[in-house]
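**Student:** Each chain is listed here by its residues.
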Amino acid sequence: MAQMTFLEAIRETLRQELARDERIIVYGEDVGVRGGVFRVTEGLQAEFGEERVIDSPLAEAAIIGTAIGASVNGLRPIPEIQFADFIFPAMNQIIQEAARMRYRSNNDFEVPIVIRAPFGGGVRGGIYHSQSIEAFFAHVPGMKVVIPSTPYDAKGLLAQSIEDPDPVLFLEHKGLYRSIRGEVPEERYLLPLGKADLKREGKDVTLITYGLMTQLALKAADSLAEEGIQVDVLDLRTIRPFDKEAIFASVKKTGKVLIIHEDNRTGGFGGEISAVIAEEMLFDLDAPIMRLTGPDVPAMGFSPPLEHAFMISAEKIVEEARKLAKF
Amino acid sequence: MAEINAVTAINQALLEMMQVDPRVVLLGEDVGPNGGVFRVSEGLWQQFGDQRVMDTPLAESGIVGSAIGMAIGGLRPIAEIQFMGFLYPALNQIFSHLGRVGQRSAGKFRVPLVVRIPYGGGIRAPEQHADSAEAMLVHTPGLKVVVPSTPYDAKGLLYAAVEDPDPVIFLEPIKLYRLGRMEVPSGRVSVPIGPARVARGGRDVTVVTWGAMNHLAMEAANELAQSSISVEIIDLRTLKPMDTKTIAESVQKTGRAVVLHEAPRTAGLGGEVVASIQDEAFWWLKTPVRRVTAYDVPYPPFAWEDWYMPTKERLVRAIQQALAD
Numbered sequence: 001m002a003q004m005t006f007l008e009a010i011r012e013t014l015r016q017e018l019a020r021d022e023r024i025i026v027y028g029e030d031v032g033v034r035g036g037v038f039r040v041t042e043g044l045q046a047e048f049g050e051e052r053v054i055d056s057p058l059a060e061a062a063i064i065g066t067a068i069g070a071s072v073n074g075l076r077p078i079p080e081i082q083f084a085d086f087i088f089p090a091m092n093q094i095i096q097e098a099a100r101m102r103y104r105s106n107n108d109f110e111v112p113i114v115i116r117a118p119f120g121g122g123v124r125g126g127i128y129h130s131q132s133i134e135a136f137f138a139h140v141p142g143m144k145v146v147i148p149s150t151p152y153d154a155k156g157l158l159a160q161s162i163e164d165p166d167p168v169l170f171l172e173h174k175g176l177y178r179s180i181r182g183e184v185p186e187e188r189y190l191l192p193l194g195k196a197d198l199k200r201e202g203k204d205v206t207l208i209t210y211g212l213m214t215q216l217a218l219k220a221a222d223s224l225a226e227e228g229i230q231v232d233v234l235d236l237r238t239i240r241p242f243d244k245e246a247i248f249a250s251v252k253k254t255g256k257v258l259i260i261h262e263d264n265r266t267g268g269f270g271g272e273i274s275a276v277i278a279e280e281m282l283f284d285l286d287a288p289i290m291r292l293t294g295p296d297v298p299a300m301g302f303s304p305p306l307e308h309a310f311m312i313s314a315e316k317i318v319e320e321a322r323k324l325a326k327f
Numbered sequence: 001m002a003e004i005n006a007v008t009a010i011n012q013a014l015l016e017m018m019q020v021d022p023r024v025v026l027l028g029e030d031v032g033p034n035g036g037v038f039r040v041s042e043g044l045w046q047q048f049g050d051q052r053v054m055d056t057p058l059a060e061s062g063i064v065g066s067a068i069g070m071a072i073g074g075l076r077p078i079a080e081i082q083f084m085g086f087l088y089p090a091l092n093q094i095f096s097h098l099g100r101v102g103q104r105s106a107g108k109f110r111v112p113l114v115v116r117i118p119y120g121g122g123i124r125a126p127e128q129h130a131d132s133a134e135a136m137l138v139h140t141p142g143l144k145v146v147v148p149s150t151p152y153d154a155k156g157l158l159y160a161a162v163e164d165p166d167p168v169i170f171l172e173p174i175k176l177y178r179l180g181r182m183e184v185p186s187g188r189v190s191v192p193i194g195p196a197r198v199a200r201g202g203r204d205v206t207v208v209t210w211g212a213m214n215h216l217a218m219e220a221a222n223e224l225a226q227s228s229i230s231v232e233i234i235d236l237r238t239l240k241p242m243d244t245k246t247i248a249e250s251v252q253k254t255g256r257a258v259v260l261h262e263a264p265r266t267a268g269l270g271g272e273v274v275a276s277i278q279d280e281a282f283w284w285l286k287t288p289v290r291r292v293t294a295y296d297v298p299y300p301p302f303a304w305e306d307w308y309m310p311t312k313e314r315l316v317r318a319i320q321q322a323l324a325d
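Line order of the protein sequences matches chains A and B. The first sequence lines up with residues 1 to 327 when you count with the working numbering. The second sequence lines up with residues 1 to 325 when you count with the working numbering.
Hints are computed from structural coordinates only; laboratory data are not their basis. No residue lacks a Cβ here, since even glycine has one placed at the ideal position from N, Cα and C. Every clue listed holds true.
Here are a few chain A residues that face chain B, going by a calculated C-beta distance under 10 Å:
hint : residue
1    : 141
2    : 267
3    : 298
Could you put together the complete structure from these sequences and hints?
**Tutor:** The structure is reproduced here in structure tokens:
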């Protein structure tokens, strides 16, 4: 089976999907001639032409707005927001139009778009190229939010997002693009949205996370194992909808939970995870639910020490998991 | 002392601050000659003229963006977004600039801007006029977010917001605008940003809420009092920074909590409140914390509003469950 980086897995999926279904178009800032700022769409315009891989103006509201129109009329657009930090000018289109179209039209119209957006920090992106944005969209009825952590998951989840009849926000952590390699089957396969993946099995503490943090949690799990602490690493993979059954099954086993995300703490998605556990699993808990998150300051400084202070690391995860294991 | 409603209290605060401080200016859609769709700025344009009370185009991004510039330039602008459902075109200005200019400039520039937003449902408004998007604003670093639920708090918190050197989002529950009157002194009223208010003391269960839901909580508490159930109601008043200490103290006393809000449930601010109780009062909990919220669907047409919004019956049931476990 082919070994691919996270980035190559996404590119190959886009290529396969463009070849499979002529309704699919790829579309965004610099995705065409240049192949995307991260080279995710490299070669696609040469292969599929300017009608299907389209360079857009620097106008995010227009990118999403036209994608909505195209999708309502039968296409399957995959618009790209160059950096997730740039998505805010398009929020009115996403919240008020894309996410509500099916409901507002009483099922007459649907908006099958997949909005791809590189997000997250740790790559010296500075204050406007490092943000995590998932919590805003996890709160929006009508949206789905997908955040893969491995090349294999990226392919299966992207293909399923394209199959989905409703809008999907597909978030790609920039820190994964070239740092992670893995086996990716050549044939098309689908991974369901709303199903978490238990990436490592333990018994003492549950680590719940998604995206790049999954890789850090797996690294932390290795160090913790050397100290005799065995952890579950539960990768949510999609946060709207999210897999409560998988969370509850793991919490029932360990009784101790550490939720990890890079996004700002207050109002972050960790609060929602914590709340459903607190509501449904209180009597199975042996310790308070803990959160390890980015601080409540804008993400994030360009200066390496500031960036390091903001970002989650395997060391920080180990430290918090140790505290939980002691209960 | 005169008994006034929230609209009059906010109008008075605006009038008084504009009289005292020439840097205070208003801008927004229809805030001038029309006096605002809810009459909150009534009479101010007539008194202060169109240099200080500015009717803007229907362009929310422009309203907030130009107000940020005015604030950096030395004014104390108070921008109005007519309905919260119209906020989204301005979110780039709010998330990327308003919340960040202070930090980005290492404190060289401050943005003393107040964005007033009538919000919430229950008034038979059409789509996009009843949104409750407070969770997004609370999640944004650099913003303070306040929600008064009484005329007195509305006046006091607006004073505090305008006096604050950094941006404050001031949410005004539309349903409460004319729902009750109370005595509010003329002149400066002091209600600090941050502390929650114990709206009703009780010993059996804590209800944490904000905005228009306070009235629902009060109705439920009155009903339950007849069966000798004593409900404590915490009105957060400020959503960010959140007064988790007052929440924790109450839960440590009662051992049981219900969080009530009118925004959709998933990733709403209720999750953060429940998580804070985990952080600070876990060992005192006798039963699971519960959330009573709107459902995870877009705000419905108003004929269905009563099925969407939390009701007294749903809240009473959740409180009874919290007591029964």
